[in-house]
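Q: So the chains spell out like this:
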Amino acid sequence: MISTSPTMDYFPYPKEWETEESNSMAQTVARWANQELITKRLEFREVFQHQMKALDLLSRELGLDEMVWSVESGGSGLLAPTVATTLVRGYEEMGRADPGIAFVSAMKMSLACFLTEGIIGPHVTDEIKRAVFSAFYAGEMKLVSLILPGLGDCGQPARAVICGKEAQATVDRKGDTWVVHAKQARPMNSGYDAQMYGIIAAASNEIVLVLVPADAKGVKKASEPLKTTGLLASRNCSVDFLDVVVPLDYGLPISLAAYKRLLTWIDLFCGAVAVGSAMDTFAILKNWADNRVIKGGMPFYDNPMLAAVLAQLAMAIMNSRLLVHSLARAMAQPDVFGIRNVEDCFVLAQSTAGKAILDCFHGMDRGMELMASAGYSKEWNLEKHWRDLKTMQAYLGGGIPAQMDVARAFFGSGGNV
Amino acid sequence: MNKSYNFSTHRTMPATTLRTMMRNWVDTYVRPRRRNFDEHWDSHEIFDEALKVLMIDIGWQRAFIPPEFGGWGAGNVANVGTFCTVVFEEMSRGDLGLNIAFASGYWSQLMIAMKPEYNLKLLADMAPLALSKDKLYFGGLFMTEPQGGSDIENVDLIHGRTIRTTARRDGDEWVINGHKLWPSNSGGVANIHGVVCTTNPGSSNDDDIAFIFVPDDLPGVTQGKPYEKAGVASDKNSDVWYEDVRVPLYYRALGPGKDALRYKEVMCLGMLTAIFNVGPMLDIYEKLCDFCSCKTLHGRPLKEHEAVAAELAEIAAGIEACRNSVYSLAAILDRPDLYGPRWSHKIMAKARLTKMFVCDRTYQDASRAMNILQEYGADREWDIEKHWRDMKMVQLWLGGKQLAQMEGARYFYDCQTL
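In order, the protein sequences belong to chains W and D. Residue 8 is where the first sequence starts when you use this note's numbering, and the numbers rise one by one after that. Residue 158 is where the second sequence starts when you use this note's numbering, and the numbers rise one by one after that.
Don't take every hint at face value.
Facing chain W, according to a computed beta carbon distance under 8 angstroms, are these residues of chain D, among others [claimed, not checked]:
(1) LYS278
(2) GLU302
(3) THR319
(4) GLY377
(5) GLY381
(6) PRO383
(7) GLU385
(8) CYS446
(9) SER450
(10) MET527
(11) LEU530
Chain W stretches covered by chain D per the calculated footprint, using a threshold of three residues with CB under 8 angstroms from any CB of chain D [as the list claims (entries may be wrong)]:
(12) 150 to 161
(13) 233 to 241
(14) 353 to 361
(15) 383 to 390
Below 25 angstroms or equal to it, Euclidean Cα-Cα: the simulated DSS-like pairs (lysine-lysine) are [to be verified]:
(16) D/LYS503 to D/LYS415
(17) W/LYS234 to D/LYS278
(18) D/LYS444 to W/LYS190
(19) D/LYS290 to D/LYS278
(20) W/LYS181 to W/LYS149
(21) D/LYS382 to D/LYS209
(22) D/LYS278 to W/LYS385
(23) W/LYS234 to W/LYS60
(24) W/LYS190 to W/LYS136
(25) W/LYS302 to D/LYS382
(26) D/LYS460 to W/LYS190
(27) W/LYS60 to W/LYS149
(28) D/LYS382 to W/LYS47
(29) D/LYS503 to W/LYS302
Keep in mind that the hints were calculated from the coordinates and are not lab data. Think of the CB as a built atom: it goes at the ideal place given N, C-alpha and C, for glycine as much as any other residue.
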């Protein structure tokens, strides 16, 4: 068996879906995780510059950014969605090292998979793909920030509702350009540092994915990044788009189903990040508890009450890992799962990834209780996983939007949820 | 929408001038500054200005000094439990970490300043420092040790057998040796440490549990760098080492047997720190009222979205249940004459389970609130995430959930081997 990290081997996943590429990638990312982050935790903790240096190494030198782009576009040619099972292993390893870095990468990778898998439509030509690849995925590492529909503001003009949430930007076609407008838009990630924004915007009668270079005229970031609970590699802030003009090729009209596909990729990668994060929590807890005694002599593991809590974490990881790998397989081979269309897959993603993130968080939350103050101390790093996963959960909507998505699909709930 | 939680609905929750005074202090000196607290976990300067107003100008640092030495004698007010609960609830509405630092300062003083046993000689020594007009004066309860974690708090089961910090009598002095971890107000904040020791290492006799006060500036006291933590930045914690530290004999709190009983009593009163997690929920309620009135989901104000409203109702239910639970415990602890001594197994089990329930529920509800805020839930500018991080700490401390579960099971189910 090819070993990535010792912890990974505790928790089974379907080996029959492995490929040479997925093993190779998992090993590469595991080496990167150990060398660049895990062994340097006490030295760097959450130093942003170090995090970006590590991400740069992974994205550029180890080739993550170009992975899913076709050879014709200038990439490596591992095409989505078949590469989903491979990427899941990579994001597990990234999550093990630093969920914040993994989250930043996941958003960019989600967009890349979305743009390249051919689901949007024929208007995403090879020329457009080449242009996007060379501008944002090749050469020097660039950060991509996604701005998706979110919460609205009372007292503001009504905005288009997309999947139960409100579009944060509007876009108008004017001649050979798109004109983007948004006030105080709230990105999913990296709003403060991004070189490009990928915005799901509302046009008069359609949804448009519009790609906006951060240096375009009219893009105004907040003067300071937000202070947040976790995911500190993703420095975020609100962004104004004051009638920003971009070329026509940078605005891609998409269907609602296509938008759900973008969310599906995000769910998949975030689910994998959560699993990796929980695996590292497991390793931290095990390291802490291995030689520990309680009540003046009883080995820690021999106490049934404590063992029950430890089991909760292990069970959460095992179940979540199977769920996330199954989702990846379902995206790569929908026929195997009887999945009829993109919408079915989206509902599966909302259900399984949400469950995985919730369970992994709950498992590490309980594990933290066993370590008491050590669980809470930055020295042991468990608390970072705990903060990161909670932040990710909030960014993904905190549960209710996903519940509404599932209700719409399964119970025919109308447009009002 | 600017709405405070209605806090005057029950006779056990008095809307006293005490509460109003604490609320004013919190709203003036704490809430406007707390978003910067995390960055000051090491230096602590940001906290001192607010604390000086409370401790020196208002006079709280003399609260548990007896009146004959110029203090308020708060350890002997008729309703000490409710008194503390009101103060702590209001304070933690502003910042839970400050509340821990504040409360921990008094916790050790209760060892010597409550009926029926006092240590007046030692209180007389403390009084001039506590009555200082310009210097902060803090105490602390120094319990946890490296090898056993919360074992040391488990007096009924362990009876001090695992305590490694020793107190050896040498003439008119105690000589202290040992290593403590994580005490609140360590790292140089506390002027005087209340140190849990043993006079006979390995003994399971409660007479050998000694509670000895150690001034911070004595030779042989060494403190490590403060720990960097996920939250509660305003409470400083570090390693503390005692190497042949000498203190007068009367620095032992009450004496053989009495120290252990009072220590258990003080631990029991410590379970009122469950209210540390209720105060933040009052603040979270206020923040939710604002957020859910001004943000929309699917074109409707969040609070008018039924799925969100259901979650909001759960949070309100949690606040109601938890407040009532802690104030009921406080009322019980106010009246040992009616309910039994605070150190009894019955009362301790009740207190631990109350803390466990309240901390679990409030922490879950804070987490729920973060989810309601969705992409804003992790933003410091809404304050909820800070409370959430802080509240986890209170859930973990004083032996955490597991010790409470065992204590409760032993009492309620008459378990013999736990």
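Q: All hints are to be evaluated individually against the structure, with a verdict given for each.
A: Now the hints, each set against the structure:
| no. | hint | result |
| --- | --- | --- |
| 1 | LYS278 | 34 angstroms, violated |
| 2 | GLU302 | 12 angstroms, violated |
| 3 | THR319 | 4 angstroms, holds |
| 4 | GLY377 | 25 angstroms, violated |
| 5 | GLY381 | 12 angstroms, violated |
| 6 | PRO383 | 11 angstroms, violated |
| 7 | GLU385 | 4 angstroms, holds |
| 8 | CYS446 | 13 angstroms, violated |
| 9 | SER450 | 7 angstroms, holds |
| 10 | MET527 | 5 angstroms, holds |
| 11 | LEU530 | 7 angstroms, holds |
| 12 | 150 to 161 | holds (count 5) |
| 13 | 233 to 241 | holds (count 6) |
| 14 | 353 to 361 | violated (count 0) |
| 15 | 383 to 390 | holds (count 5) |
| 16 | D/LYS503 to D/LYS415 | 19 angstroms, holds |
| 17 | W/LYS234 to D/LYS278 | 49 angstroms, violated |
| 18 | D/LYS444 to W/LYS190 | 23 angstroms, holds |
| 19 | D/LYS290 to D/LYS278 | 22 angstroms, holds |
| 20 | W/LYS181 to W/LYS149 | 28 angstroms, violated |
| 21 | D/LYS382 to D/LYS209 | 23 angstroms, holds |
| 22 | D/LYS278 to W/LYS385 | 41 angstroms, violated |
| 23 | W/LYS234 to W/LYS60 | 21 angstroms, holds |
| 24 | W/LYS190 to W/LYS136 | 29 angstroms, violated |
| 25 | W/LYS302 to D/LYS382 | 29 angstroms, violated |
| 26 | D/LYS460 to W/LYS190 | 23 angstroms, holds |
| 27 | W/LYS60 to W/LYS149 | 12 angstroms, holds |
| 28 | D/LYS382 to W/LYS47 | 20 angstroms, holds |
| 29 | D/LYS503 to W/LYS302 | 21 angstroms, holds |
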